[in-house]
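J.: Next come the chains, spelled out residue by residue.
Number of protein chains: 2
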Amino acid sequence: MSRQYNFSAGPAALPEDVLRQAQAEMLEWSGAHASVMEISHRGKEFIALAEAAECDLRELLDVPSGYKVLFLQGGATQHFAQIPLNFARREQSVDYVLTGDWSEKAAKEAKPLAKVRIAASSAATNYDRIPPRVEWDLDRDAAYLHITPNETIRGVEFHEIPDAGGVPLIGDVSSTILSRPLDVSRYAMLYAGAQKNIGPSGLVVAIVRDDLLERCPKDIPKILSYAEHAAQGSMLNTPNTWGWYLAGLVFKWVKAQGGVAAMAERNRAKAELLYGYIDASGWYRNPVEKSARSWMNVPFTLPREELDAPFLKESEQAGLLALKGHRAVGGMRASIYNAMPLEGVQALVDFMKDFARRNG
Amino acid sequence: MSRQYNFSAGPAALPEDVLRQAQAEMLEWSGAHASVMEISHRGKEFIALAEAAECDLRELLDVPSGYKVLFLQGGATQHFAQIPLNFARREQSVDYVLTGDWSEKAAKEAKPLAKVRIAASSAATNYDRIPPRVEWDLDRDAAYLHITPNETIRGVEFHEIPDAGGVPLIGDVSSTILSRPLDVSRYAMLYAGAQKNIGPSGLVVAIVRDDLLERCPKDIPKILSYAEHAAQGSMLNTPNTWGWYLAGLVFKWVKAQGGVAAMAERNRAKAELLYGYIDASGWYRNPVEKSARSWMNVPFTLPREELDAPFLKESEQAGLLALKGHRAVGGMRASIYNAMPLEGVQALVDFMKDFARRNG
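These protein sequence lines are chains A and B, in that order. So for the first sequence, numbering that gives the first Met the number 0 puts the first residue at 0; every next one is plus one. So for the second sequence, numbering that gives the first Met the number 0 puts the first residue at 0; every next one is plus one.
Keep in mind the hints are simulated off the structure, nothing from the lab. Some hints could be false.
Chain copies aren't distinguished; within one or between two, either way the pair holds.
Calculated pairs, BS3-like style, for lysine-lysine (alpha carbon to alpha carbon, straight line, at most 30 Å) [unchecked claim]:
1) K254 x K114
2) K107 x K289
3) K312 x K217
4) K217 x K114
5) K217 x K110
6) K43 x K352
7) K43 x K104
8) K289 x K104
9) K217 x K104
10) K43 x K107
11) K43 x K110
12) K43 x K254
13) K352 x K110
14) K217 x K107
15) K352 x K312
16) K312 x K43
17) K352 x K251
18) K217 x K251
19) K352 x K289
20) K352 x K254
All chains should be modelled from the sequences, with the hints used to inform the complete structure.
T.: Structural data, given as structure tokens:
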């Protein structure tokens, strides 16, 4: 056994306790005499699992009544398309705030389906900040306003939910959900690909306000309609049952850690440790404005590009996995989601110090 | 440990060898120092896994060159919508042959997107047969002809691929893929939800001929375009990596069993044993025409409805799981996919004999 500290941006590390339970139950889950992957999603055993997972997530995020919680497929990217398909209206624009590659992609996928407006963008400064709210050019009559509360590639995070001026706010929280408390009531819809803080890839969790669901057109295929999925309890067709199961185990794990408030404390400490060292080093560099630095994804560069290869090789030898930065940015990136313990970040900082000393 | 014979229609039983390997590798897969769910789908380790799975499937089904093999999400139901979105043409109809509930659903989901024609249907006889090919009313100019080679609910299967008269033939092989040899060259597209003969739910395998891919419109969101998925090697966004991994293990298992020819022999023997007993019993009854009986799903009824509840209770006590028939049909259904051994069917027949003797 040599599991190592895994800084993968996603699919990302899962809590080891969760993996151990899944391992123990692989051949026989609960009293089913079969694995959880081998039973009907409509049977009472799986329905109980599904309901418990939803219930735990509602509790963790304190989801107000009047919101549906959905367990869907397709990755967040599919929902980049499904959101305008369901919620855009012919006469209205849909507004997007661009703070990195993922919000860009979300806007691009919406273009064939809606009148996309860019309400704000920090592209001009290489996505190193959140554009100040006062400079946003919002359309008061927009069908919705879309933001990406955390950008995994650039490592840029909204630390406050922006005022959407009365327009329904939709947030892609794939890489920040469950990392800290979240005021769901400020959003009309939240959605998250599971493969960072929730579970394995292939599952999407969506939290949608009832009034938004009323907009879903009746003349689209049912499988693309959020209202239909909501009406069928996310069982319009066979869901990703393994993903739903693992998500349920992760929710229980987060609760056992003390919930999202405790995760926030831990995540703040991890981020402060890593950014603190980067800034103090004078050698490594993170390009993001301090007020917008992500707690989850920390990109950093070395003083000279030719040091990247040895850094990656030696960090891997030191048991620190998947530190290579995204090809769009270069350098390194440490993704430090919920499942990464403080000790992992400390081990990374220790390695970085040593590497800088030897190569400085 | 008390895994039992599992007759679930889907998500269905997986080969125990596959589950044991997944269990052993749950915390550390290959040399990754992490589970297969915790690594980047774009890293060389996962790419190698993905390519091996595709390669094994191509070998198993003898997929000709000129076809792309895709690993997608959304369940077959999502593809009920994606198929017309990608392949219908404004002026052309799309033809559907209805042989049960799943082909009905496929046609329904296509309606908002294309001019759907029903070329043939056995609804009038309660989907107890395949409508004879000579009676089909095909549109020679249809954009495609859609069939469902096996219907899980009614237990109706095409034992020969019908002549599509030059129209591109599309088949939903969710519940029959890998159960027997399949002449891929007769189809323009095949697709299958994984949760019967391939792996866990949340994964769809599609095999699409290149000329069909050229039809995909450029003005739809990329995530809904088969051509875009093909161009990106099914990694347009994060795929269901766990599903892909398990599918790869199942493909290796099928190869180790002797491939699809060996599976066909075994499946034929299982089906003959069960139908043979049902017919000989004079007590149980299967309503499907003999020439169209499914090798994978065997619905049967008891002489009196009030015997259903005791049959289900006692069969479960005897270690025979999930025999309840679909609510649309009633009675019982034994799904006997690849992972069900002959011994499981024998155990079912033994139980059925005993139950009939005691209640006859």
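J.: Look at each hint and say if it fits the structure.
T.: These are the hints, each one checked on the structure:
{"no.": "1", "hint": "K254 x K114", "verdict": "neither (41 Å within a copy, 51 Å between copies)"}
{"no.": "2", "hint": "K107 x K289", "verdict": "within (28 Å within a copy, 52 Å between copies)"}
{"no.": "3", "hint": "K312 x K217", "verdict": "neither (54 Å within a copy, 42 Å between copies)"}
{"no.": "4", "hint": "K217 x K114", "verdict": "both (20 Å within a copy, 17 Å between copies)"}
{"no.": "5", "hint": "K217 x K110", "verdict": "both (21 Å within a copy, 12 Å between copies)"}
{"no.": "6", "hint": "K43 x K352", "verdict": "between (54 Å within a copy, 28 Å between copies)"}
{"no.": "7", "hint": "K43 x K104", "verdict": "between (39 Å within a copy, 25 Å between copies)"}
{"no.": "8", "hint": "K289 x K104", "verdict": "within (25 Å within a copy, 52 Å between copies)"}
{"no.": "9", "hint": "K217 x K104", "verdict": "both (26 Å within a copy, 16 Å between copies)"}
{"no.": "10", "hint": "K43 x K107", "verdict": "between (41 Å within a copy, 28 Å between copies)"}
{"no.": "11", "hint": "K43 x K110", "verdict": "neither (42 Å within a copy, 33 Å between copies)"}
{"no.": "12", "hint": "K43 x K254", "verdict": "within (24 Å within a copy, 35 Å between copies)"}
{"no.": "13", "hint": "K352 x K110", "verdict": "neither (46 Å within a copy, 62 Å between copies)"}
{"no.": "14", "hint": "K217 x K107", "verdict": "both (24 Å within a copy, 13 Å between copies)"}
{"no.": "15", "hint": "K352 x K312", "verdict": "within (16 Å within a copy, 65 Å between copies)"}
{"no.": "16", "hint": "K312 x K43", "verdict": "between (49 Å within a copy, 15 Å between copies)"}
{"no.": "17", "hint": "K352 x K251", "verdict": "neither (36 Å within a copy, 45 Å between copies)"}
{"no.": "18", "hint": "K217 x K251", "verdict": "neither (37 Å within a copy, 43 Å between copies)"}
{"no.": "19", "hint": "K352 x K289", "verdict": "within (21 Å within a copy, 74 Å between copies)"}
{"no.": "20", "hint": "K352 x K254", "verdict": "neither (34 Å within a copy, 50 Å between copies)"}
The structure fails hints 1, 3, 11, 13, 17, 18, 20 (numbered hints given earlier, in ascending order).
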